[in-house]
Each structure stands twice: as C-alpha cells, then as structure tokens.
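Hey, can you work out the whole structure from these sequences and the hints?
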Amino acid sequence: MALDVELYRRTVYVPTGPGAKRPLRRLSVIDIHPEGATRTLVFVHGYGGSVLQWLYQLRFFGQTMRVIAPELRGHGHSDDPSSLPLTMESLVDDLETVLAAMEVQRPFSLIAHSFGGAVSTEYALRHPQDVSELILIGVPTRFIVRPILRKLMHIPDPLFSGVAKRIRVALFASQRTLTRMHDRVMAPWRGDERLQLLHVPTLVVLGQRDTVFLRQHYDEVPRSIPGSHNVVIPVSAHLVQLERPDAVNRAIRRFIEPRAQQKSGISFVSDAHIGEHGYEESAARRQSASGSLLAEGRVALATRIAEMPWLQHYDQEVPEQLPLPKQLLHELLSNAAQDLPHHPALLFFGQKISYRELDSLSNRFAHALRKLGINRGERVAVLLPNIPQCVIAFYGTLKAGGVLVLGSPLSNEEEIAYQMRNSGAKVLLTLDSYRDRVERFCIDTDIQQIIYTDVREYLPIRQRVLLASLIEGSTQHPEVTMPQGNGAVPAPVGTLPLPLKRAGTSSRKHYSFQHLLRSQPALLLDSGTSSGDLALLQYTSGTTDSPKGVMLTHCNLMVNVSQVRHWMPDAKRGQEVILSVLPLSHSYGVTDCLNLPIAIAGSSVLLPTARIDEILHAIKRYHPSIFPGIPSLYLAIANYPRVRSYGVGSIRTCVSGSAPLPVEVQEAFEKL
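Numbered continuously in the numbering used here, the sequence shown closes out at residue 1849.
For the record, the hints were derived by calculation from the structure and aren't laboratory data. Hints may contain errors.
[As the list claims (entries may be wrong)] Distance windows between CB atoms, simulated:
hint	residue 1	residue 2	range
1	S1723	A1787	23 to 31 Å
2	Q1740	G1826	20 to 28 Å
3	P1333	T1215	44 to 52 Å
[To be verified] When the alpha-carbon atoms are kept at most 20 Å apart in a straight line, the in silico EDC-like pairs for lysine to aspartate or glutamate are as follows:
hint	residue 1	residue 2
4	K1603	E1555
5	K1686	E1555
6	K1603	D1623
7	K1529	E1791
8	K1725	D1623
All figures in this text were calculated on a predicted structure; none of them were measured in a lab. The beta-carbon is built from N, C-alpha and C at its ideal position, and this holds for glycine as well.
Below, the structure written as structure tokens:
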C-alpha cells in the first residue's frame, strides 16, 4: 500500500495570548523524514484546502527526501481562534513557527498551490536565503472568487459545509475562516506587484484549461517573475497535482535536481518549458528511459531479496521500509477526533463513546494529573482491565507529559508491589474493589495519590449487573460515592475535589475518577514531550529472571503502530471495527487493541473478559473486521458449537502473537 501519511502528522502548539478562552491553538503538519534524507521540500496548500491535496507528492518525494506540509490556520486540523487577527503577516508567521518547530534545515524547496502561492511568495520575499527553489502550482496574480462560491460563503455553518459537499466543492475550512481569509487577505493581495520582487529560482506549473480563477491572471504569473520557468500540463482541473500527479512530480523533480547537481559540480540538461506540443516528445523520451529503469529495478529487487529474503513473503502493497514517525501517541487520538468527532471510538457492552468525547475525557484527566502534581516524565500507574477508564487514562497521562506504568489486575500483590516500587509511580488509578489490596502493595512506594473507579461507570444500567458477574471481585467492596444525577454539585472547573475520606485509610489521598474528570476543563494541553521521550514502562513477565521495566518511547510505540497498520493494506480509516480482547496492560494489547484502532480511527470493541461466549456475542453484535488474538483463542473459537451462527465471517484480518501459530489452527479459523 502507499504510505499512510496520517501516521506522520505532528502538532505545533502556539500560545494565543493572555486572557484567551483557549490558551493554545494547534498548527497541524505532516512531516515525513526518511533516514539519510538531505533535502527538504515544504508544501503549502491553497484556500479551502488541506495537506491531503499533496497526498501523491508527499508519498512520492517522501521516499527519499524530507517532506513537510503544514495546514493553514483554520484549515484541516489547524485552529483559527476568532480572537487572533488574520492577516498575510500572521499566515507567514505561522509558516515560520512550523518550520522552526520542525527544525527544518535551510535552504529548502518551497512548493505551493493556489493561495498557498501567495503565502509562499511573501515568505520567500521575507526570507530569500531560506528558499533554494520556489514552485508555484495553479497560482494566479489575483484571487477573484467565482460568484457561486461568494454566495456560498454567506451561508452559515454547518449548512455551509453541507452545501459545499452537495455541490462537490472540496473545502477543508469553516465558513468563518474562509470569509475572513478572503476578505482580509486574499482579495487585497496583488501578485502582479509582489511577484516582480522575487529573486529566487522559480518554476510556474499551470493547468492548460484551469479556469477556477480568471485565466488572464494565471498567464500573468510567469511574465511577472524575472527568469521564471514555465510548465503547462494538459489538464482542466485546478488541483493539477491530484489529477496529474505524475506530470507534476516530474516537473518538480526536473526543476530541483539540476540545482542540487550543479552545486555538486554535475551538469544536467532539462526542458525549461513543456507545452502542449512538447509534451508528446517528452513522453517518448520518458518511455525510452523507463525501459532501462525497469531493468535496473529488477536487478535492484533481486539484490534486496538476496539481502533480505523475508521481502519475498510481503504482500505487494506492503512497503519494504518505513520512515520513523515522529507523531506523539496521544496526537493519534486528537487527530481522529478532528477527522471523525462523532464516530464511535469505544464500544463497551452497548455503550458508545465517540472520538470527540474520548478526546475531551482524556484532556480532563490530563488536567487532573497536572493538578495532582504530575509533570513531564513522572510516572502514573494504571491497574485496570479493558474498560473505557483505561483508555482515557492512557492518553490523558501522555497528554499531561507523564509516563504510564501499566499493570495487570490479574498479577499477584508481590508482582504489583515490585512494579510500583521499581517504577517510582506517584499516582495510581485502579478499581475501587481493589482498595484493600492497594493499601498493602503501596507500602514503601512513592504513591501518594490514588484514584478509584468502578468497572460499571460507563455502562447502561441494565448491563451493570452482567459485567460485574464477569469480572471477579468487582462487587465485593462498596463503590466510591460520586455526585451524579440531578442536584449534583460538581467541583468548580480547574480545581480538585476534596479527597475521599474513609476510616482506617493511610495518609495517601484518595479520589474518585468521575469526580476528578468533572472538576477539570476539556481544554487543549501541550504535553511538552517529544517523540524521543518515554511514554510507557512495560514490565516483562519475569519468566527467566526478575521482571524488567522496558523503557518505551513515543517513537518506539509509533513504529509498532506503523508496522502493523502497513501490514493491513486494505484497512480503511474510519471504517474498521477492532475486537479488543487482549489485555491492554500487555505490550501486544497496547499496540494492536489500543493504539492501532485509534491510528486508523476505528471502533474498538472493549472486552474485559476472555470468555469465549462473550467474545462470540460481541462478534455477533458489532461485526468486527480486525481481530488481534492468540492461538488458543483462535482454536477455542474454531471449536465452539455452532460458531458460524455468530457471524465470524465479518472478520477480515487476524493478527496472531504471544506464541507460534500452528498451521492447523490458522487453516481451521480461515475456513470459518
């Protein structure tokens, strides 16, 4: 499959200033950095666009070069607070902020489409020494919007977005952002004056019949730029880089490679202009060259297979190598919530938790941890079965900059006590039914704050008794009393509720999970972490020696996610249902049942029990398409009476781990 660029999306957090309702705003950017890359290409999309309009270019050039594609303010995943002024200067400032945060090496190639060309022109005028080449695609000198779009901009959201989709206008920004940008920035910009000031090597790429803006204004661009090169591609759409990506990629490559080679003392000859008549001649030369390239490719493939024999077993769509993703784990959740806010993230015994709700709850938990004194790099222990609170705490801890210590509720007290002492955890989240055990295994640890929750908090009432019977011990102790229903008085937002008081407890402070969440804001939080920072301390089983706390960074776990995701080339973002029965306290469960579903914006069916009847009932109800499991599970399901009546045929992809998979088990399950 082609590279999933969403795994390379990063977020730059920018302060909005004192007194703002939302202290931080997001600038979203795709950053693909293959190992050994020495060149950087920066792509800037146009008015109403997003980084997805560079999809083919990011995948093509991202194989050998570093490619960066930011989203303009208010577009895609980038925020546009109404309190901030929107000007050309502020848009150029945003580009500067992103490039500084990404630590982009100068000079770089700046490639822009439509209105992004105006922003890039202003950047090149401000920083000519930073730009080795400027490539303008489908850029006019004036942005005179067509009457139908001007009328559309007067329709308020959400009706505006619905009408835009109905008439098939691809817009990735709100009506408010588009109106502000048009009136304050686009309409006043005079490219015929600004382009004449450029002294950067410039290539102009135009669609032959592009009429989104006035044709005369497209034709003025190459005449306005001193010494510019011009390529006209026979295409009618404004998004020429999507309709004719190969032609655009060739034009970009031919323009930037000669300069790189000239700096190395290598001469290079290329076409300065490919017009309608020159295109066929160029195609003939390409066809001649493709034969020799194909022969070279076969030799290279044979060499690679000799060095790495496992490649011959890869499916055709699986890439041989992947660039290291630098996205933070919790940004997977924030990005999915931006894309599909109402899509179910968690399915838990009939209860649905949407991506927007899960993102909001994890933000609240992050703020609560900050109030409890958790700073960057400090440990938070989570001792829970597969319930929504475990997922909320996982991403909330990372958003607070903390490091997770995942423990299994099935471990004995001695094992848990060792992990608590060895990890240096300061906060523990666990079930209220484990209260008596907690007091014992927290002795001689750094834990001073304990948060209690109940397995039934996110269940419909009719399901609470059923689930309690499935999880041993969940009904043996009284629940934590929490303010609920009418007349409840939550703590003021931003403050911590008073600790729960119980007779005979230690000096440690005890809190209710739900009360903590309700007392905190759902505002965006900057974790202050990078991809090289610790995300998880995962303890080994201790089969051959004492358990070890394996130090896993955001990058470690993101690589795991990227590998598994790219081994599933037919998995569609926002369309998969994942059966999450593996314990989330195990590294296998963390990758395949926690991070993978969020990475592809899928729906995770959480099961806190491995009972085969419950697994089959979940399959019948939710029709999962992806099932990470272990050989014993597959064997037990295959041998279950009347198993086909549960609709196991919905499962399209299985992952097997923890033990070798006997071929007989594989064949029996595939037959179902």
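Evaluation of the provided hints:
no.: 1; hint: S1723 / A1787: 23 to 31 Å; verdict: holds, 27 Å
no.: 2; hint: Q1740 / G1826: 20 to 28 Å; verdict: holds, 27 Å
no.: 3; hint: P1333 / T1215: 44 to 52 Å; verdict: holds, 48 Å
no.: 4; hint: K1603 / E1555; verdict: holds, 7 Å
no.: 5; hint: K1686 / E1555; verdict: holds, 18 Å
no.: 6; hint: K1603 / D1623; verdict: holds, 5 Å
no.: 7; hint: K1529 / E1791; verdict: holds, 18 Å
no.: 8; hint: K1725 / D1623; verdict: holds, 18 Å
When held up to the earlier numbered hints, the structure conflicts with none and fits them all.
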